[in-house]
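**Q** Below are the chains, spelled out letter by letter.
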Amino acid sequence: MNTILFSALLGVVMMFSSFLVKKVTAYRYIAVAGLLFLLIMNIAETSGYHLLHINTRDMLRFDKFGLFFNTIAIASTLIYVLLSGKDIEYVGKNTADLYVLIFFVLCGIGIISSFNTLLMLFLGVEIISIPLYILTGSDKRNLKSNEAALKYFLMGSFSTGIMLMGIALLYGATGSFVIDIKPVGMFGPLPVSVMEIIGLSFILVSMAFKVSAAPFHFWTPDVYDGAPSVFTSFMATIVKAAIFIGFIKLFEAKAPDLGEGWQVVIALIIVSTLFVGNITAIFQQSVKRMLAYSSIAQAGFMMFALYTQNEMSKEGIILYAFAYSLATIGIFAILIKMKDLTFEGYNGLAKTQPVLAAVNTVFLFSLVGIPLTAGFWAKYFMLASVVKAQSGLWLVIIAVIFAAISAYYYFRVIQAMYFKEGNPETAEIRPSFRFGLIILAALIILIGIMPNLLLNWLYF
Amino acid sequence: MPIHYYIILAATLFCIGVVGVLTRRNAIIVFMCVELMLNAVNLLLVAFSKMHYGSALATNAATTAGIDGQIFVFFIMVVAAAEVSVGLAIIVMMYRNVHSVDINFLNRLKN
Amino acid sequence: MSITEIVFWFLSGLALISAIMVLLSKNPVHSVLWLITVFFAISGHYILLNAQFLAIVNLIVYAGAIMVLFLFVIMLMNQNAETEPRSKSIWIKLAGAISGGSLLIVVVAAIRESTNLVMRGQGDAIVPKEALVRTGDIGLIENLGKVLFTDYVVPFEISSVLFLSAMVGAVIIGKKDQN
Amino acid sequence: MNNLILLVPLLPFIGFLINGLFRKSLSRSMSGIIGSGVILAAFAISVVLFLHVKNNGGIVANYFDFINVEAFRIPFAFQIDQLSSLFLLIITGIGFLIHVYSTAYMHEEKPEHFARYFAYLNLFVFSMLLLVMGANFVIMFIGWEGVGLCSYLLIGYWFKNNNYNYAAKKAFVMNRIGDLGFLLAIFWILAKVGTATYVDVFAAIDQFSATELTGITMLLFVGAMGKSAQLPLYTWLPDAMAGPTPVSALIHAATMVTAGIYMIARSNIMYTIAPYTSEIVAIVGLATAIFAATIALKQNDIKKVLAYSTVSQLGYMFLGLGVGAYTGAVFHVMTHAFFKALLFLGAGSVIHAMHHEQDIRNMGGLKKHMPITHITFLLGCLAIAGVPPFSGFFSKDEILVGAYNSNPLFYYIGVAGALMTAFYMFRLYALTFLGKFRGTHEQQHHLHESPSAITIPLIVLAILSVVGGFLGIPAIFSENAHMLENFLDPIFAASNEYTTAHHLEHSTEWIMMGAVTLLIFIVIAFAWKKYSRRERFEKNTGIGKVLENKWYVDELYDSIIVKPLHAIGGFFKDVFEKSVVDGAVNGVGRMIQYSSRQVRLIQNGQVGSYILVMVLSLIVIILILREQTVIVSALRSLF
Amino acid sequence: MIPVLLILIPLLSGLISFFIKDPKAAKGWALLSSLVTLAISVAGIFIYNQAVNLHYDASWLPTLGARFTIGLDGMGQILCLLNAVAMPLIFAATYRNHYQNPGAFYALMLLTQAGMMGVFLSYDLLLFYFFWELALIPAYFLCSQWGGEKRIAVTFKFFVYTFVGSLLMLIGILYLYYKTPEQSFALQAIYNVSLTSGQESFIFWLFFIAFAIKMPIFPFHTWQPDTYEQSPTATTMVLSGVMVKMGIFAVLRWLIPVFPNAVDQFSQIIIILSVIGMLYASLIAIRQDDMKRLIAYSSIAHIGLMCAAIFAQNKVGLQGVMIQMFNHGINVIGLWIVADAIENKFGTRKFSQLGGLAQKAPVLAILFVVMALANVALPLTNAFVGEFLMFNGLFQYDIWTTAVAGISIILAAVYTLNMVQKIFYGEVSTLTAQADEAKTNTQYTLIILAIVIIVLGIYPQPMIRLTEDSVNAIIATIK
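Chains as they are written, first to last, in this note's numbering: chain A, 50 to 509; chain B, 1118 to 1228; chain C, 4 to 182; chain D, 1026 to 1664; chain E, 340 to 818.
In isolation and in its complexed conformation, chain A is listed as follows (with noise of 0.2 Å):
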């Protein structure tokens, strides 16, 4: 509940903020201030110190898993805010209103990692996408963020409409908005309620919607490109490993429903996303919509996490959400400072900044799955709890092959920094911001050699 409760306060503090102090370079500071606030409380939280009891009504349920990774969240967030908070000055003249969106997004996350109700999960998915709208168009005069303002804000509300008709027959089936409450009222030969089958459909449809999972990803690469580039990263990171935890919370409890159909549409929709996502990623030229496509790709591994639904795959999606959102918050921290977003525009980055160039690699080997890096970890688990499921071999198989594609525009990234002839122009390097890269490098790497360092908080 602190997560809620002082996210929602943190967003209000920011909104007075914004017309008592004048100093852009402020808001930035209190912004990280507060994020560290959060990630304490929420941390005082998860070892099981609450500020003040609120009575829920079992509208949220607490556990550890939510609130693990409403830590991941918060910390991935403060990362992102040191990295990048400067860039965030640069976008329109009301920084302290984006903090504000920023602030409420994360409400919405710690809502959506601890939802009991269909209810608070619909309200935890519209207080994160209302804000994404408008981050999204925050950048007025450009028209590519214009246009990916409107299709993401038409297409979003489209799955929202999507997601309230799914909910409404659910609740016709079942006479309750409980996740774990089963169908009332069965007789008959079926297996499973239809009803709630049709219903669950329509749901799953609109979350693999924000998850931008194929074949409903289309607004992703439009978007994540059209959007200032600072907000892409926050969204493809952060916000997308929130939904996938409501994802998980709602489907553990509701796919058992569902039969063994269940397994074979995500296995469809898993297949479907790798190939999407991989394959369409080769052609790009710019690295921003390689990365977008690139996080489509890799939600194709986290659906994973929904195929086979063991301790393995929560734990590994815990991981996957940290590594992917560490490396990919690292990799747009770098592509912000480029001038040019082409592949082009990278070649040489090694002679010019070489330590750029050098942690930049390291972000994208975790994100290729190469050992020593975060990103082996998260492939791995996703991997493993497949064969410990011992079904669907031929799926990780497929998997695997995707992932190795993907090494190709991954690395083309790194040819162009490292082999390639060129003289890049960035936007001028803080030490502080080199310094910091370096860190997150670290501790990729770190969690690529002792993985226990984070899954241990699992186990207390």
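FYI, nobody ran anything at the bench for these hints, they're computed from the structure. Where is the CB? At the ideal position from N, CA and C, for every residue including glycine. Be careful, since some hints might not be right.
What the hints assert, rightly or not - Here are the simulated lysine to aspartate or glutamate pairs, DMTMM-like style, with alpha carbons at most 25 Å apart:
1. K496(E) - D1599(D)
2. K1049(D) - D775(E)
3. K231(A) - D107(A)
4. K1554(D) - D1326(D)
5. K1570(D) - E1560(D)
6. K496(E) - E1602(D)
7. K231(A) - D127(C)
8. K1135(D) - E1382(D)
9. K363(A) - E309(A)
10. K96(C) - D1219(B)
11. K689(E) - E488(E)
12. K699(E) - E1134(D)
13. K1588(D) - D628(E)
14. K231(A) - E133(C)
Claimed, not checked - Stretch by stretch, here's where chain D covers chain E in the computed footprint (C-beta under 8 Å, at least three residues):
15. 558-566
16. 654-667
17. 693-704
18. 728-735
19. 757-767
Put chains B, C, D and E on the given structure of chain A with help from the hints.
**A** What follows is chains B, C, D and E alone, placed relative to chain A:
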């Protein structure tokens, strides 16, 4: 009233909304169609809430079963209102820049 | 054919026809007006289902606030039949209509065989469940209010965050940054 | 004793090292002295060993485990017995003479190349010694490949000339073909009895089934074919004449090429028990003898003639081995070593005098210019032609008798071959030494007898090839005067038990001998008359042309083996590798690229179509979930 | 402690080397650290002979059942020695080569060495996988940073190809892991895992493809010639000298003992493939005009023999393979050194442009001939012993296969002598007209190699003995 009537009615309205979203290109109209979908859902929810109330009434005279359905509708309206404000703001912003509300007018982002 | 059914059929027909008109009418303003009639019809249904509170809110919020907002925007952009963008090909329309229709068919077909919507009537005859009309006081404002502020207080409070973000958003988007 | 034995191969090796490492600093005379000196020392030790063996039997000297695994153990051991000690004498003895000869023959070379030459020569002697001294097949194989290497190096000694290099490579590769057979045979033996040591293998001879023995012996014989230039693997030997003449004398006449005979003589017992193989050996040998002889009839290069005659003589030796006349074969090895080395060295002396002119059509009348060479050469010709009482007569006769015992047909063909030998040898002699000089004037001007370093070895060898025959006087002259047979008896004793030695009556043997001798004299006279006055040479036609072109065998091989292999290699390299192996991989890559280009078009930037796809897939999902029972069972049946 | 040092020293010195700017210093540092590694591995062998336990075990991922377990057995000894011998030689031989950003170059070389050490040492499957990848990454950078003009595409092919393989292997690893009773990656646990024949053959292929790509076996070799051709020669030496052995080693350590039945079942196919590969590669080598490509193909042929000998599954063959891994490494490095010397001097590797070098550089010629003879496995060179044993093993498997495979001996003679002749014999070409003797460092390294070749050729027994225990361990698991 048999619940099927309501379901079919709501589903039809919903699908009309979907068709609208698919066929119209005026951003505002598309958005209105989304609103139509939401309303269909609202109607369905209310119908279900009354259904559950009815079936619970058989056993318990003072039941409040099904009331949460109507509460949910209330929240949907809340969200819808919020969405509309943001949505229209975005549409207006776009109109300001390109003087069109055609959703296909801006097509820089593709492939 | 009881009065209730007559009212039901009338409202349903009205809702469907005006919904279709929303799509068909070239002039956005007309679409808005048609949509308002849809909302009125739905509010009628709410009253029929004895959910007065929602009926009123529906009229105030939707037909009242939201639709007026829409109208404002349309007027502001002085949209009319001429400015309305024409979709290039009939095929897109057709595809849309067909897919929408098939969605309807799939859903309805599925719902009809659903076992949650039927119950054992007299002599174990399977009869569809009823949506209670014209009775039941759960839709009354006091009951709703009670539940809303006890069980649903958390979501209620949280929805304020939603509004805040919407507000901030509107500000960010709407405000002209002078430069 | 072991150390003494070890010295025999070690000395040449040391010579090789010294000459090899300090080639830059050594003067001609120094390296010459070192090179020949070590061989001389080795020869001395060999004599000691020979006597030791003669008095108290063979010795086996173990040194260390070369390879020792569970399946088998291969010690690095030498076996000095009658056979090997005899070969030791031949190798070191003739080797020494040829080293001495070379000091004069190669004196035009630059010092470092001179040293290189002697290094190679010593290395050769070393490997050859390993070959004959080894106590098991593996050590023999080591020497076997070693001599192959040295012949490669020495043929290609003048490495600037690419034809020489090709000849060298050809020799090495063709030997390799044989070596493969040899190697397989070794594997087979090891797999069967788990040892390669002669003594143990021959002791365990009855563990082999008939087929196995046939197989092994055949494979060994393939090895022998390669090394001893038998059909069909003989073509390298004539080309090997590219090397310096002393090399031809040492390697391609006296020693290396007889390795095959040594091997078979060594494992005679196996061949005796495998009659089928012996039959093949005899036939191949005989065929080679005739075939090579026919070619030799029409060759004009002095060394080529000798080369083909070598091939044909080797054929005789195999004939002997095939028909079980092992002693005869070894005897012929020895005598042949004498006179063929003599002939080659003589030829070398001629070539030396003629300034590297090798075409006998441009020679003639050298008799008066270089008397010693002439006399010795003549003796050599008589010896090889088998004129009594020269050495060749006895050895060849013994083989022919053996052939007659096993199959008269062999005998008659063999005799025919002997006659041809006489003919082409005297054609060669006559054209070279008799008549008038046909070369250029300045050649004639420079004609002179060779220095003593060349003539002395000639004389020594001449004496040997005259008297060498008396080591093996057949029974008809006097009972067991055949020293060699008695000496070698322990080696072939086992085999002789198997072969029912039915000696034909002396009368028939006398008749045969007389008849053959008579015929040989006629042939010699004919050749003498035909060629001694020859002035001008018209082009060969018909069969003559075919013979001159060596039956076109090289061309045949080239077109049925070399060219196809090259074609296949080229096909693999340029077509298969690129289009199939590589193409598959790159094809996948290209396919991905292509599909990427197509797939991204779906992303057409239009919200309507996006949502359309969403709706459609929603429908699909609903259907899947509704019909899941059907679908899942279908999938089950699929996987 | 020795195994740890073997990994740690190259790793740390590699990381340090990144920060060395001065070329001389970088070279010196690399040479020094590699020599230290060499000393340690030699020491390891001596200690080993006194039967000291050379294992190190530490907790790594308790929750996953993966431990940091490394150790040295006979086979490991040989390969670590090869790895440790190769590096100083390579550094010495290429001492005069100039690389831009040398610190990074040598750092990556050392990291590669560390990775390979890890592969040869690890007793834990997951650890093995880690090092397997760790060895690949620096190699990738080396090739595509300092390579030839087509380097980027070629090396990327190499990377992806091997990466696919290792990912498939990862699936196999996981599968085995969940089949182990106590969910552990430890060597023994993996050895004891029991699978149904269906599972076994499936997982077998997942592993084998990874190894086959690394070795490489016939249809999977396409990355190899291009990579060898394009990489800087120092890296090529590492790749063909040591890294290729990783595949063979892995087969011996992780494939044969774990899937005995599957190995039995598929040995025939694999042996046939290998033999095809031998002849195929040899025939291509005959037609090569490029020195590096020729060596690459000849290396494919040799590897094919090793693979065939492994799957013949008998003791002699396996011992042959183990010592041949070392010998082949030495020989091929020798050939590369000459190739490098020639390319540096004349800027070409095409035979058609070379020739007559024996007049100009006799010493180089002699040394190269020694290498060439080792390449054709002439007796009294080290390769002979290995090939003798391997063919022996193959013979015990089947005589006809051996006969066909034996053809490659002949072909080897053909293409090797071709190479010798076209480079060193014949008349000098315009290019080689004013050539002179090779640089001293090249000469000395080659002399060292030649000595090793001859010594091991004459007295191979100690090394053969070194293989005993590993072979027995493997044989014990077969059937």
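**Q** State for each hint whether it applies.
**A** Verification of the hints:
Our distance criterion of 25 Å between C-alpha atoms is met by K496(E) and D1599(D), whose separation comes to about 20 Å. As the CA atoms of K1049(D) and D775(E) are separated by approximately 16 Å, the hinted pair is consistent with the 25 Å bound. About 17 Å separates the Cα atoms of K231(A) and D107(A), which keeps this hinted pair within 25 Å; it holds. Distance check on the hinted pair: K1554(D) and D1326(D) sit about 21 Å apart at the alpha-carbon level, within 25 Å; holds.
With a C-alpha separation of about 20 Å, the suggested pair K1570(D) and E1560(D) falls inside the 25 Å cut-off, and the hint holds. Only pairs whose Cα atoms come within 25 Å are accepted, and K496(E) paired with E1602(D) is accepted, the gap being roughly 15 Å. A threshold of 25 Å between alpha carbons decides the hint, and for K231(A) with D127(C) the separation of about 24 Å falls inside it, so the pair holds. For a cut-off of 25 Å, the pair hint linking K1135(D) to E1382(D) stands: about 21 Å separates their Cα positions.
Taking the CA atoms of K363(A) and E309(A), the gap is about 20 Å. The hint holds against a cut of 25 Å. Taking the CA atoms of K96(C) and D1219(B), the gap is about 16 Å. The hint holds against a cut of 25 Å. Only pairs whose Cα atoms come within 25 Å are accepted, and K689(E) paired with E488(E) is accepted, the gap being roughly 16 Å. Note on K699(E) and E1134(D): the hinted pairing holds, with a Cα-Cα distance of about 17 Å set against a maximum of 25 Å.
Between the alpha carbons of K1588(D) and D628(E) the distance comes to roughly 17 Å, so the proposed pair stays at or under 25 Å and holds. A hinted pair counts as satisfied when its Cα atoms are at most 25 Å apart, and K231(A) with E133(C) qualifies at roughly 21 Å. By the rule of at least three residues with a Cβ nearer than 8 Å to a Cβ of chain D, the coverage given for the region 558-566 of chain E holds, with 4 such residues. Using a Cβ-Cβ cut-off of 8 Å, 3 residues of the region 654-667 of chain E lie near chain D, which meets the minimum of three, so the contact claim holds.
Counting residues of the region 693-704 of chain E whose C-beta sits closer than 8 Å to any C-beta of chain D gives 4, which meets the bar of three, so the coverage hint holds. Only residues whose beta carbon comes within less than 8 Å of a beta carbon in chain D count, and the region 728-735 of chain E has 5; three or more means the coverage holds. Counting residues of the region 757-767 of chain E whose CB lies closer than 8 Å to any CB of chain D gives 6, which reaches the minimum of 3, so the coverage claim holds.
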